[in-house]
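What follows is the residue order along each chain.
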Amino acid sequence: MTIIETEGLSKRYTALRGAGTLAVDGLSVRVEAGQVYGFLGPNGSGKTTTIGMLLGIINPTGGSFRLFGGETPSELHAARQRIGATLEYPNFYPYLNCRDNLRVVARVKGSDEADIAEVLEIVGLTSRRKTKFKACSLGMKQRLALAATMIGDPELIILDEPANGLDPAGQREIRDIIRELARRGKTIFLSSHMLHEVERTCTHVAIIETGRLVREGSVDDLTSAGTVAAVGSDGDIEVLRRAVSEFDGASHARVEDGRVLVRIGGGGLSELNRFLAGRGIYASHLSLERPSLEDAFMEITGAPEGFGEIQ
Amino acid sequence: MKGARAFGVLLRNEWFKARKRVAFWIALGFYAFFTLMNYAQPFLEGSEGFRLPDMWASVFGDESPTVVIFASLTFVLLSATEFGWRTARQNVIDGLSKSQWFWGKALLLPMVGLAFIGVHVLIPTVLVLIRTDFAAAEAPLVPLSVLQAGAGLGMAFLSVGALAFLLTLVIRKTGAALAVWFLWVGPIESGMLPALVSRFLPDYRAWLDYLPFTNAFPLFEFRNYDAAAHERYAAAVEAAGRTPPAPVDPTWHMVTAAAWTALLVGIAYISFRRRDL
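Note that the protein sequences, when read in sequence, are chains A and B.
Sequential numbering from 1 applies to the first sequence in the working numbering.
Sequential numbering from 1 applies to the second sequence in the working numbering.
Please keep in mind that the hints were generated in silico from the structure rather than gathered at the bench.
All values reported here derive from a predicted model rather than from experimental measurement.
Among these hints, one or two may not hold up.
Think about it this way: if two alpha-carbon atoms lie no more than 27 Å apart in a straight line, the pair counts; the simulated DSSO-like pairs of lysine-lysine are [stated by the list, open to error]:
| id | chain 1 | residue 1 | chain 2 | residue 2 |
| --- | --- | --- | --- | --- |
| 1 | A | K141 | A | K186 |
| 2 | B | K2 | A | K132 |
| 3 | B | K2 | A | K186 |
Going by beta-carbon spacing under 8 Å, a handful of chain B positions derived as facing chain A [as the list claims (entries may be wrong)]:
| id | residue |
| --- | --- |
| 4 | R12 |
| 5 | W15 |
| 6 | K20 |
| 7 | F24 |
| 8 | I26 |
| 9 | R86 |
| 10 | V92 |
| 11 | L96 |
| 12 | L183 |
| 13 | L277 |
These stretches of chain A come out as covered by chain B in the derived footprint (C-beta under 8 Å, 3 or more residues) [what the hints assert, rightly or not]:
| id | region |
| --- | --- |
| 14 | 68–82 |
| 15 | 272–282 |
Using N, Cα and C, we set each Cβ at its ideal position, and we do this for glycine too.
Whenever a hint applies, use it, and build me the whole structure from the sequences.
Now the structure itself:
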């Protein structure tokens, strides 16, 4: 069953002068039931705008979309009752405590106190349920947002940068919760910059850039294309990285685990080895590796090196 | 979520959010204090007119614009912050449709009005009941005209509050919405528009009586609903050597207030639906 389907979905933000900004440009994606779908793109690529249109807070200016097969306003409203979502920064009533904020959500979703208690337990906020939202740390706010998405046991969960601002332990907790939700058979639509996490969590991904879909497919399909060489040397790793960067067709050379990982184009390992030897650098380790999702993402979008690591 | 369930959820959520908000209780408490102080002196002195049914002319009269202003300001305070905190957006993310969010806020308007008008009527009523000699009463203590005046005050609040509602949803900022609302009910409607109409459209001066705030004034006056109260008022004015005004039929002002309410809420709805959250 198709849960989300967009066809030529577009959003142009109007401006008093000029043509405005085309944030989403003819986007067509499909998310099937049970998929954990990563929605990737550089900052400003239109991810949040797309999710905003799906959730009904932003009016599309072109194209169409269906949620759970529904397209008319009443069908979409009914479909949205089956969705739990977070979008950007968590926004709740600052003067209400965590539990009262969830009560507001629970009434809308027709849930009860038991459901609130359960989701608070899942996100680890039971002991902080009486803390006012304005007194919550960013991590607690993110957890509260995640708890709100789970109220009413939705079939589709849409998460927009759910681990933003969290420390590594918090990020791991969020990842575990997402995996648990996926294990329970929920369809998850996840927008994130954390490509390592997406690679570990998602079954499918779409990559968008400047509002356009540039690639959609399974994570396996995306990461099986392309070639990455891993090069080690006993010398200075930075000298090695610079040298490797100058190899014909090489791009996005980076240091990882004491090795240089680099995407290589036409040339193979023997050409790279000969190139380095010609520069007086002798590789102690040389191998081909399966590209990571981050490699694939940078290849496709031409994103700057280091993207996906900076939070 | 549809129909009666949606109505119930919106009503409960809006009341829940309002009653948990300190600003709401501070505003209501301040108004209650203001009202109490206003009636404290005649109550303590046992003034001649401080009895039923004479008191209704005071409850539905001079102080009525104040309750409308207080309630409208409180509505803006409670509602505009939904945009600053981005909770309007969050509510829609959490499952409300934009229309439902809008109607939730539209329900908040009469809720706030009821709370303030309740305080406005209840405090003097309780005080005056203590002072009233029920055995000596010659006329019904609570005539039908009290209900009419109450409905008129409610309708007057809705029309003036609808302007606050529209400005809140269009401007989306507390300070700016309050400033524009004050500008409208103050200098614009009372000064600039009459001056412009008198100068350029003198034949239409009578229409100025039907602008949202000006239209509300005849609805505030108890004597416009109660012939006996008007006679007492006219006698007092004549005794002071002035010509008493003719009674105003509040019906058309009531209809106009309803029309303003529908128009301003309708514009707010169209504007809200068209804009992103």
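Worksheet entry | Earlier hints that do not hold, by number | Structure breaks hints 2, 5, 7, 8, 12 and 15.
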